[in-house]
Every structure is written in C-alpha cells, then in structure tokens.
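Just need the whole structure built from these sequences, with the hints factored in.
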Amino acid sequence: MKADSPALRIIFMGTPEFAVPSLERMVEAGYRPVAVVTGPDRPRGRGLRVEPTPVKIAAQRLGLQPILQPESVRDPAFAEAIRALAPDVIVVVAFKILPPDVYTQARLGAFNLHASLLPRYRGAAPIHRAIMAGETETGVTTFFLKPQVDTGEIILQKRTSIGPEETAGELHDRLMLLGAEAVVETLQLIERGQAQPKPQDETQATLAPKLTREEARIPWDSPAFVVHNHIRGLSPHPGAWTLHEGRLLKLYRSRPTEGRGTPGTVLKADQQLIVACGKDAVEILELQQEGRRILPADAFLRGYALHPGDRLD
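Quick note, our numbering runs 101 ahead of the 1-based positions in the sequence shown.
A portion of the hints provided could be inaccurate.
[As the list claims (entries may be wrong)] The calculated label-pair distances, taken between Cβ atoms and stated as ranges, are:
1) T363 with P141: 45 to 51 Å
2) V250 with L278: 22 to 28 Å
3) E303 with L349: 38 to 44 Å
4) P300 with F326: 30 to 36 Å
5) V250 with R348: 36 to 42 Å
6) R162 with K311: 27 to 33 Å
7) Q249 with D411: 46 to 52 Å
8) A234 with R394: 25 to 31 Å
[What the hints assert, rightly or not] Using 30 Å as the maximum straight-line C-alpha spacing, the simulated DSS-like pairs for lysine-lysine come out as follows:
9) K311 with K380
10) K247 with K311
11) K299 with K311
12) K299 with K247
13) K369 with K311
14) K197 with K259
15) K311 with K259
16) K197 with K299
17) K259 with K299
18) K380 with K369
19) K311 with K197
20) K247 with K259
I should point out that these hints are in silico values taken from the structure, not numbers from a laboratory.
Predicted, not measured: the structure shown is a model, and the values here were computed from it.
Glycine included, C-beta positions come from ideal geometry on N, C-alpha and C.
Shown next, in the form of structure tokens:
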C-alpha cells in the first residue's frame, strides 16, 4: 500500500538543509506528505533578504501542499490545523520542540530524527559535541516523541565512524543522508506494524546543549588532541576562535603535531602555522581573519603578519 493513499496520512515537519534529504527520500519511496510544516520566511544571508526555509523550497519543488509556517507551534490554531489534517504519522526532522497537543494528533505516533546515538548527546548540538569530545563513532536515531526532549523510545539507529580529521560540517552532511535512510525505514516499520520501540538507557545519557560563544574560544592550555578536536568540532559553524593582538581569528582545520612552548605561542609561521598547546602542538591548516575569506595557512601567512613567539589568546 502506498503511503500517499488515504490509509496513511503523513505530516512532515522540518526547517534547515539537514531535513531536506529526508523529505526528498520520503517522496521517492512513495511517502508523500499530506502537509509540510516549516519555519516562517525570514531575513537571511548578508543582504538580509526575506527568504523561505530550505524545507519550504524543497516542498515547493516537489509540489507538496499545503505548506504551514506557524510563528509559534504553541498557538492553539496550529494544533487545530494539525488535528484537521488527521495525520497517522508526524515526521520531525530538525524542527522546533512540539507541545503534546500537536504531536499526539498522530494516530500511529510522531517520531523525530536525532543526529546521535541516543541516549548519548541529547540536545541541540550533538554533532559538534561528539567531535569535540573525541568520539570515534556516532550515528542517527529515530524515536517516538514524548514531553521530555530527546528521551522517547528508540525505533531504530544507524551507526557511522567519525574520521580523525573530519569536521562538524562534513559529519553533518553525512548524517543528513544517513538520517534520510533512517526516516524512510522507520516509516516502513510503522506502516507494516513492525516498529518495536525500546526505552532509552538513562544510565548512558549525556547532554549536548547549544554552544555558547565563550565555549568556542580555543583552550590552548589543553593537550593538542583536545585543541584539534575543538577546532574541527566547531568547523565551519560557529568556528573556533582566538585573539591575536586584539584581532579575532577563526580556525577551521588543524592536525596535532610535535612542538613545545607556552600554550598559545606561535612556534612556526613560515609556510606552516604551528601553535603550542598544553601538551605538544597543532598545525593550523585553514583559518580566517574576521571579515575576510577562509584561507589555507600558507596563503593566510602571506597576507597577515604572524611571527614565532607571538601569542594567541
């Protein structure tokens, strides 16, 4: 039975680019939503032009209607709109936290895609936090929604390794595609009545709260492998940062290397940029002066004066 038949009515909810492959794969697999819910059109980019969300653009391209864009998911009118659609399943990928009076409208349940192996890294920044912590494995999880965020019963998980120099941006893009597979497989299980959700092990739970600007500051007094994980875990957004003579520098790629000196001291700044850490050192491969382009270290050094002995702090 095809999912776009009256027997299975699906509402898809999502906003950023991360959610787009899930929507596309659903439609390819025959799961055509009866409605798509996304964020309002907002000013975006440098010109702050009012633009639709990536999910809205994808939904329009796929010919999906209606597209709902509530200012608040807690507005009673939004809950009523969902109720009127009589969904069997609500699929949530990178959307707002839904109140129970919305997600309980789904007859067969509402499930969310999360970019970690729950119960580890519950919260808004699971990809960043996993890399910053030096994890070598992560994955995606689908789970049924409940009032406590990211705590619902697990439907399925898919695992993947994290490369030693992989950035948060690169991992994001891989999990985005892996998550799309998980969403379709989850829908297939629910459609066949074969979903067997299991509770999360609370003893293994860890948190991944939203990152603050101060957390993105580079901890030069930490060992080189910690600094390296910090830099790649925040690349490309929001970007790990440090100061040089009061000027903001953002660092995007690095690798641990040998070296010794006061933490934050530039050890080499000729073709290569090497900075001392609390133990050993890191070679900076890509960086950016505030307001300028991201450059490889050798190109950066040709246009920015850094010398051995300079301090980054």
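Query raised in the report: Any of the earlier hints contradicted here, and which numbers?
Result: Hint 13 contradicted; others consistent.
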